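Colleague: Those protein sequences? They're chains S and G, same order as listed. Each number in the numbering used here comes from the position in the first sequence (counting from 1) with 77 added on. Each number in the numbering used here comes from the position in the second sequence (counting from 1) with 15 added on.
If you're looking for bench data, these hints aren't it; they were derived computationally from the structure. Wrong hints could be hidden among the right ones.
[Claimed, not checked] DEER-style ranges, computed between Cβ atoms:
id, chain 1, residue 1, chain 2, residue 2, range
1, S, ARG224, G, ILE283, 46 to 54 Å
2, S, GLY174, G, ALA272, 48 to 56 Å
3, S, PHE107, G, ARG35, 51 to 59 Å
4, G, GLY368, S, VAL127, 28 to 36 Å
5, S, LYS178, G, MET73, 35 to 43 Å
6, G, HIS415, S, ARG84, 28 to 36 Å
[What the hints assert, rightly or not] Here are a few chain S residues that face chain G, going by a calculated C-beta distance under 7 Å:
id, residue
7, PHE80
8, ALA135
9, ARG142
10, ALA168
Quantities reported herein were computed from a predicted structural model and do not represent experimental measurements. C-beta: ideal position from N, C-alpha, C; glycine also.
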Amino acid sequence: MSFDDVRDLYQEVILDRGRNPRHMHRLEPFDASAKGDNPMCGDQIELRLVFAEDGRVADAAFEARGCAISLASADLMAEVVRGHDGTELRALALSFGELAKTGVLDSNDTELEKLRPLSGVCEYPSRVKCATLPWTALIAALDSRSREAFK
Amino acid sequence: MNASVKLAARSPAFDVERIRADFPILTQQVHGKKLVFLDSAASAQKPRTVIAAMTHAMETQYANVHRGLHWMSERTSDAYESVRDKVAALLNAPSRDEIVFTGNSTQAINLVAHSFGRGVLKPGQAVLITEMEHHANIVPWQMLRDSHGIELRVAPITDAGELDLEAFAAKLADGKVGLVAVTHMSNVLGTYLPIERIAALAHEARALLLVDGSQAVVHRAVDVQALGADFYVFTGHKLYGPTGVGVLWARRVLLEAMPPFMGGGDMIASVSFEKSSWAQVPHKFEAGTPAILEVIGLGAAIDYVNAIGFGAIAAHEAALTDHALARLSDVAGLHIVGRAQDRGGVISFTMDGAHAHDVATLLDRNGIAVRAGQHCAEPLMRRLGLTSTARASFGIYTTHAEIDFLAETLDRVTAFFQ
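Next comes chain S alone, as it looks inside the complex (with noise of 0.2 Å):
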């Protein structure tokens, strides 16, 4: 008996990263949030953005409830999406999630990179909604932005 088989998933980063999460708290002001869940798991992450004046992530903080694995996908997410723009974003939600689906790294996207400790995943199919939910967070409060500067 042996969990050294799931080190894979979970690296020491993932662990760290699950138990002591440095972004996991409340944004107050901000400017675009929104939240995810995920029905089957009852995990729930509310994320909150502040843009800087030339249209780039500031800060980024999340509250959640969930595992290890959404946790620090959140953690992790939060540090990379700092000075990067929406249009950027979201083709980094793209990638990321084809890492966490095929374990494969098409770039050599220094952020996305820095997501690396979580393509263990890929081997784990029922977790690779742990892993995206944080994402699907950014892209709906991404999208919420959009919606607001139309108004």
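Based on the hints, put chain G in the right spot on chain S.
Modeller: Leaving out everything else, chain G in the frame of chain S:
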């Protein structure tokens, strides 16, 4: 556990290894580890006799039922209809004509919600459920509430995970409740509800009683007459049978008063473009070609559990449950959810510092299959103040050694996440 249960569990009549040999899947490995299947409450594995019965039907005698005037159709109809007798005997139903085949428990409850709910209940009447229902016994009543002006009431549970009978009785007091719909055994807490008592209270208040037997029918002998139920539903796939077949039993007078749920072939007496008339019960509720092979498979599953006997099954599972409660209580940081007096082999738990999904993944990599999440009982989770639990559930093939292995593995899960 009393002495007689202990004796029965060890009696040579119940040999768990012999039973395991009847289930081909149990020799499979997952992730290179021996399969330890502790997810029978979600769906049970199938004995060889069930698999063989369905294969045999397809290979030797198969045609549509109730239609052909030819040998194959007659044989298939006989095989199909003989299962109605087996189900009637399983539930001790007064008549085989009170057994309606559906797709599963969910469809059976929806049938009652649509047919009895719209055809017999009147707007302004109420349906009373409990806080520990599966979504299948919540959502159909909500849909009825919204479409038909029925009030939906919810009886609370105690912190121990039992029905609060006093509060339940109070919900019946104004006489508006037309139907009580409760689970026989919680799929999250393992709690058995006191159905006889609930039936007495419901009938005193002139309400009828529907019992969701999806979990209970697997573990205990069910006697719908002794229970005092008016409707009883269960599903085949948790009873070691195939998916795609479920059962609605209802008292004949009710089935006769209820309008059909779905229209089509096989449920009519005659059809013209102006008007159609309905077949007798139960066929009135079985529109279209039924799940012939699945019904035949269910028949084999009922034969299988009857051959073992519900006395032996209940004794084996009571011993397993006692053992599991004791072993799991010793795992540091593990909290068992629910402490009902009368409970069966469905045990939900949480662990300090480890989310249920992470627990399930670690167990899975050691070959242990458990369920994790909300178990289709979101309102119950909210009531318990939980977002998710891991759940180990037992069947006739579960062994004490498997439970020991679960407990030993869980001991290491806590350490892994610290």
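Colleague: Has the hinted range 35 to 43 Å been met by the Cβ atoms of S/LYS178 and G/MET73?
Modeller: holds, 37 Å
Colleague: Can we keep the S/ALA135 interface hint, with Cβ of chain G closer than 7 Å?
Modeller: With Cβ-Cβ at 31 Å, over 7 Å, it is violated.
Colleague: At a threshold of 7 Å, is the proposed contact between S/PHE80 and chain G supported by beta-carbon distances?
Modeller: holds, 5 Å
Colleague: I want to verify a distance hint. Is the separation of the beta carbons of S/PHE107 and G/ARG35 within 51 to 59 Å?
Modeller: holds, 57 Å
Colleague: So, as I understand it, the hint says S/ARG142 touches chain G; can you test that by seeing if any CB pair is closer than 7 Å?
Modeller: holds, 5 Å
Colleague: With respect to the beta-carbon atoms only, verify the hint that G/HIS415 and S/ARG84 lie 28 to 36 Å apart.
Modeller: holds, 31 Å
Colleague: Given the range 28 to 36 Å, decide if the beta-carbon distance of G/GLY368 to S/VAL127 lies inside it.
Modeller: holds, 31 Å
Colleague: Interface hint check: S/ALA168, Cβ to nearest Cβ on chain G, cutoff 7 Å. Holds or violated?
Modeller: Constraint on S/ALA168 not satisfied, violated at 29 Å.
Colleague: 48 to 56 Å was suggested as the range; check whether the CB atoms of S/GLY174 and G/ALA272 agree with it.
Modeller: Holds, since S/GLY174 and G/ALA272 (Cβ atoms, about 53 Å apart) stay within the stated range.
Colleague: Does the Cβ distance between S/ARG224 and G/ILE283 fall inside 46 to 54 Å?
Modeller: Distance hint for S/ARG224, G/ILE283 holds at roughly 52 Å.
Comparing the model with each numbered hint stated earlier shows that hints 8 and 10 do not hold.
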